[in-house]
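**Q** Residue strings, one per chain:
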Amino acid sequence: MKIKAQVCMVMNLDKCIGCHTCSITCKNVWTNRPGAEYMYFNNVETKPGIGYPKNWEDQNHWKGGWELDGGELVLKTGSKLGRLLKLFYHPEQPELDDYYEPWTYDYETLITSPRKKHQPVARPRSLISQQRMEIKWGPNWNDDLAGGDDVRQDVNLKKIGEDIALEFSDIFMKYLPRNCNHCLNPACVAACPSGAIYKREEDGVVLVSQDICRGWRHCIPACPYKKVYYNWKTNKAEKCTFCYPRLENGLPTVCTDTCVGRIRYMGILLYDMNGVLDAAKTSDPKMIYAQMLGLVKDPNDPEVIESARKEGVSEAVLNAAKVSPVYQLIKGWNLALPLHPEFRSLPMVWYIPPLSPIAKKFEDKVYLPQSEAMRIPVKYLAELFTAGNTDIILQTLQRLLDMRTVMRRKEIGEAPPQNLEFDVYEYEKMYKLLAIAKYSERIKLPAGLQGKTHDELRELQGSAGYICPGGFC
Amino acid sequence: MSGFFWSALPYIAFAVLILGTAYRYWTGERGWSTKSSQFLAKDSLKVPIWLFHLGLLMAFGGHVIGILIPKALTDGVGISEHLYHIIALSGGIPAGVLFLGGFFLLMRRRFDNPRMKVNTSTSDGVIYFVMFLTLITGFGGTLLNAVGLLGDEFNYRECISPWFRSILAMNPDASLMADVPIIFKCHLILAMVTMIIFPFTRLIHCLSFPFEYFMRSNIIYRRK
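Read top to bottom, the protein sequences are chains A and B. Residues in the first sequence are numbered from 1 upward in steps of one, following this note's numbering. Residues in the second sequence are numbered from 1 upward in steps of one, following this note's numbering.
Everything labelled a hint here was simulated from the structure, so no lab data went into it. Do not take every clue at face value.
Simulated DEER-style distance windows between Cβ atoms [what the hints assert, rightly or not]: (1) B:TYR25 with A:GLY250: 32 to 38 Å; (2) B:VAL193 with A:SER283: 26 to 32 Å; (3) B:ASP179 with A:GLN131: 40 to 46 Å; (4) A:ASP69 with B:VAL64: 36 to 42 Å; (5) B:TRP26 with A:GLN131: 35 to 41 Å; (6) B:ASP179 with A:PRO34: 26 to 32 Å; (7) A:GLU315 with B:ILE220: 50 to 56 Å.
In silico DSS-like pairs for lysine-lysine, Cα to Cα no more than 25 Å straight-line [said to hold, decoys possible]: (8) A:LYS80 with B:LYS46; (9) B:LYS46 with A:LYS233; (10) B:LYS117 with B:LYS46; (11) A:LYS233 with B:LYS42; (12) A:LYS2 with B:LYS117; (13) A:LYS63 with B:LYS42; (14) A:LYS15 with A:LYS27; (15) A:LYS80 with B:LYS117; (16) A:LYS233 with B:LYS185; (17) A:LYS63 with B:LYS46; (18) A:LYS63 with A:LYS281; (19) A:LYS310 with B:LYS224; (20) A:LYS281 with A:LYS15; (21) A:LYS63 with A:LYS158; (22) A:LYS158 with A:LYS322; (23) A:LYS286 with A:LYS379; (24) A:LYS331 with A:LYS429; (25) B:LYS42 with A:LYS136; (26) A:LYS233 with A:LYS136; (27) A:LYS322 with A:LYS2; (28) B:LYS224 with A:LYS86; (29) A:LYS158 with A:LYS2; (30) A:LYS86 with B:LYS46; (31) A:LYS2 with A:LYS15; (32) A:LYS322 with B:LYS117; (33) A:LYS136 with B:LYS117.
Don't be surprised by glycine CBs; every beta carbon is placed ideally from N, CA and C.
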């Protein structure tokens with residue numbers, strides 16, 4: 001056993017209202033620079049939908065993530081030698097139009113226009129070529145199922161052999177906020193020819209060294225979530241940093257902090273580094289989730305604590321792990337699931353599948369429908385979170401439904417239902433964490449990872465960042 | 001003047017190449033990149049990038065052989081002058097065609113596409129210009145020589161190659177360059193200019209070929 005700490009995030013999709021506040025605050029902090037205009041380290045997609053970049057989940061096309069080749073774990077984009085042949089031209093690298101061409105508007109014309117017969121119009125202008133352009137696609141083009149034909153291309157729908165029902169009573173959708181998953185077995189790290197991408201030992205954050213990156217671009221196709229981006233101006237790869245300067249000071253990421261629906265939870269997970277490869281090599285994709293749970297260790301187990309201390313995990317981190325809300329959601333109640341575990345990168349951003357909208361599909365008299373009869377097909381959720389294993393989805397949904405039933409009965413003064421999996425007390429705890437938890441309960445991050453004094457930090461101001469201090473950019 | 005070009009400039013070029021590259025590495029690694037533009041225009045890159053790099057590598061290999069292997073050595077193993085030139089041209093002409101063809105297609109791509117234009121820096125423009133002239137003089141000189149328009153007595157393996165080796169031996173012999181046709185003189189001076197500007201252009205990416213990638217483990221962990 002080799003215990004390491006991982007800063008981890010859980011999103012409760014039941015509460016996501018699709019407002020894009022996370023994307024916008026993230027963009028304002030991290031990607032509002034030339035060359036990064038098109039990047040969203042965090043974006044929110046409507047599911048079903050093809051997402052950003054287009055069809056990123058279709059690995060037959062993009063070849064992202066890992067696959068098993070005779071029991072060995074290899075990158076889907078090919079062997080090391082084969083990939084070096086793609087240094088000049090990488091067939092699986094998305095281009096600008098696979099994301100969208102970023103634009104602004106000629107706002108100047110609104111105030112400088114001479115008197116004319118018609119009102120002046122602010123026309124769109126490309127942020128790349130600075131020329132007039134026609135807007136053909138955007139980062140959230142499929143928001144709320146807009147563009148039905150595009151939405152139908154969703155690869156998860158195709159896999160379960162279902163089309164989007166046209167009947168309004170059957171139509172379904174949900175939101176999926178996505179940022180870098182800071183995987184335990186990151187494909188981008190393995191694909192980088194220069195060794196510029198690394199996983200931090202202290203907190204598991206995956207970062208691109210802007211000095212070592214040479215712009216070979218192999219991380220971009222390798223990431224199955226397409227969360228590494230190519231800056232066309234600095235010619236280097238960039239990705240979500242998990243707001244590590246904030247993490248180091250005990251603060252959550254910007255997306256978590258500003259989330260309007262308060263769907264995001266952050267905390268420490270202790271995991272066994274020695275088991276990572278075996279978990280990623282699990283032969284049946286439907287079992288990868290279970291293997292991932294096996295990697296996550298109990299922060300109160302003395303053996304785990306001792307091993308963690310031996311690996312240099314600090315007391316502050318160990319203490320945070322003991323009260324970690326994400327541990328409770330992932331391992332305690334098995335409510336949070338990894339996004340597309342079949343990509344075998346062992347993602348560390350987890351999702352609680354949504355129950356809502358709780359709307360009766362049939363004219364029945366029950367307060368809540370059965371977990372199988374939810375509006376969002378269980379098979380669809382299973383494609384997203386469990387590589388098609390519907391049993392896990394049904395179990396999770398049932399626990400969420402039970403929680404609601406318990407709380408409703410309590411509210412109206414009835415006895416709790418029979419045959420519950422957990423004690424009533426456990427459901428109340430679940431309710432508190434999922435529904436009404438305050439900032440300090442949703443986010444338990446240790447301060448003091450930084451190890452620098454405030455004076456030292458002040459000296460560093462302006463010396464780090466994406467721009468090039470020595471010129472030549 | 002010929003003393004400067006053929007005795008001093010080569011050393012200046014080598015010095016700038018080495019010191020300039022080191023300077024850039026230490027001060028500007030943040031900007032050290034392949035400067036790939038595949039992201040902005042993908043389809044038009046697919047074939048030309050291969051033509052260009054293949055032609056370039058073949059041409060580079062040909063120069064190494066032609067300059068570093070003395071004529072006495074090939075004569076010694078019984079390769080006649082005629083046979084040598086047939087071998088050299090059968091490699092050199094395809095290399096030149098690939099190199100020049102790839103270069104032409106890449107330039108058309110770069111200056112025909114509004115997205116690419118904004119991604120083209122001044123140093124890019126300079127290196128394309130110098131590279132074009134170097135290519136034209138080198139390929140043109142080789143073709144003229146092959147059809148005999150540069151005179152029968154000219155053989156680069158008896159003047160340019162020994163001169164270059166005299167540079168490497170730190171004992172420059174500028175007299176060897178006296179009767180070299182002007183087109184090859186231009187080619188050599190342009191090559192030296194390329195070496196001088198090399199550290200300050202995108203060409204440095206050729207030094208970053210990731211050999212070490214084969215040695216390392218898949219996942220890299222680093223402490224803060």
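**Q** Against which earlier hints does the structure fall short, listed by number upward?
**A** 2, 3, 6, 7, 12, 15, 16, 20, 22, 28, 29, 31, 32
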